[in-house]
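S.K.: Just so we're aligned: 431 in UniProt numbering is position 431 of the sequence shown, and the numbers increase by one with no gaps anywhere.
There may be inaccurate statements among the hints.
[To be verified] What follows is a set of in silico ranges between Cβ atoms, one per label pair, in the way DEER data are often shown:
no.	residue 1	residue 2	range
1	274	325	41 to 47 Å
2	271	334	29 to 35 Å
3	222	279	39 to 45 Å
4	249	353	51 to 57 Å
5	43	349	20 to 26 Å
6	373	323	53 to 59 Å
7	226	282	19 to 25 Å
8	48	249	44 to 50 Å
9	373	293	50 to 56 Å
[Unchecked claim] Listed below are the simulated DSSO-like cross-link pairs for lysine-lysine, each with C-alpha atoms no more than 30 Å apart in a straight line:
no.	residue 1	residue 2
10	291	249
11	184	47
12	291	217
13	187	177
14	184	233
FYI, nobody ran anything at the bench for these hints, they're computed from the structure.
C-beta: ideal position from N, C-alpha, C; glycine also.
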Amino acid sequence: MIHTEKNAFQRLHAVVGVQGGLQRSIRNRPVGYQSDQLTERIDIWAKGMVEDIWSNLNPQTKEDGTAMGVFGVCQGTQELKDRIVPKVVEHADRTAFFLAFLAEYYVNGGAIDDPEHYDHIIVSLVPLAIPEFSLAELTNIQITKSSIDVPNGALEVKNLVGSIDLSWLFCALLEHKHVDNAVKLFKAIAESAIVLSGMAPQVDYQTTLPFLSSISKSEHMSPTPEQLLEVMKRYLPQILVCFIRYFVKTAPPRATWAMSRLSCNCVDCSYISDFLANPGQQFLRHRGATKSMRHHIHIMLDRTSCSHETTDRGRWSSTMVITKRSQHGQAAYTIWQQRADRARQAIADIRQSWLQQVLGDSYAEIIDLKIPQRYRTSSAAPTAEQRAASEQRLHRLLTEHAARGGQAARHVQEMLAAMTAGPSASGTGTAMRQPRVVGTPVAGRPPGSTVPAKRPIEVVDLTGD
């Protein structure tokens, strides 16, 4: 008996397994005990169960795609064409399901002698799925609560899987001479990665770069087809530049001993401020200050992170020892260095001869985590069309957030109203108030009123008689 609480794919596997087990059991019986009628009844039962399950099948996840691939391998070519392919095409927009199905199919389909399995899958599915391809759906990017309530909140990235599935599919397309589809798939991956890099840079590090590393080492990329190479030369530098710009980011200043100066500008405090601002000096021994001045300096240094004490107390003078406790920016630079090391390793995992062929003159700068000069102009001011598109996207996102309610809803609605009315409606635009000109009408006064001219000042001499 098949348990109904299992999902459709588990039930489908169970039916196929029971059918195959019963048929093997009947075939292994002695000749006199074999029954064609019993085999036919088993087939009828299995067919009815599969029809019932298939009518309610609604693939959703990567696991469903794997199950569908296993089932596809077990079926004949006609079943693949008539039932499996239409069902997968129906959900081709679900990237994780689609890739998992093809990956499982390619891995376990090697034992199938009929080449129509491979060619029909490629010809039927890939062109339909590529227009809907999305790394965002594959990596399951979700906006966290903090990103709604806190400005510049990060996007949460879960289940970062799929780079292996991507490389399997890409290499299978090349293996079966479907270069056009391989080009379309690479463009879809590249465009999706570039769009996501600013929102979730982890996608490049955990999915896109492992995919590039895998395909660069494939035997089907030696040599790289000319049509594919041209597309890679256009997109790959952009992917790596976005990776450097948003994942690695600009290196913070190296850790130094430099600190802010004291707020007092007296002679002794100015001398100590010079020491605090010196990036290479950690200790200072200050002599000659009087007792009252030492007290003043101690008060000023209490506002800093320096340790300070008076030693060698003499009759006429004493020595103050000032020590900077920690280097400014050490933690930030250490974090950046670790991130840069991971990025260098991810790029180094890509086959370097292939990478150099694709990047050309930009190779040396990119592997050194520098953005080539030709790509630095992307940070210039956006065009009017780009600004309009950005405003439309922002308006849509704000509308979605306002519909959710909560504390931020009122503020979001105010932002939407301000965007709709424009800066002049609230009177808080960027236009500066222009000075009034003498002789011009004044608002709020009777008609004909103007700004009066200033009378000249009369100087009266009171020293005379």
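S.K.: Which numbered conditions among the earlier hints are violated in the structure presented, ordered from lowest to highest?
M.R.: 1, 3, 4, 5, 6, 7, 8, 10, 11 and 12
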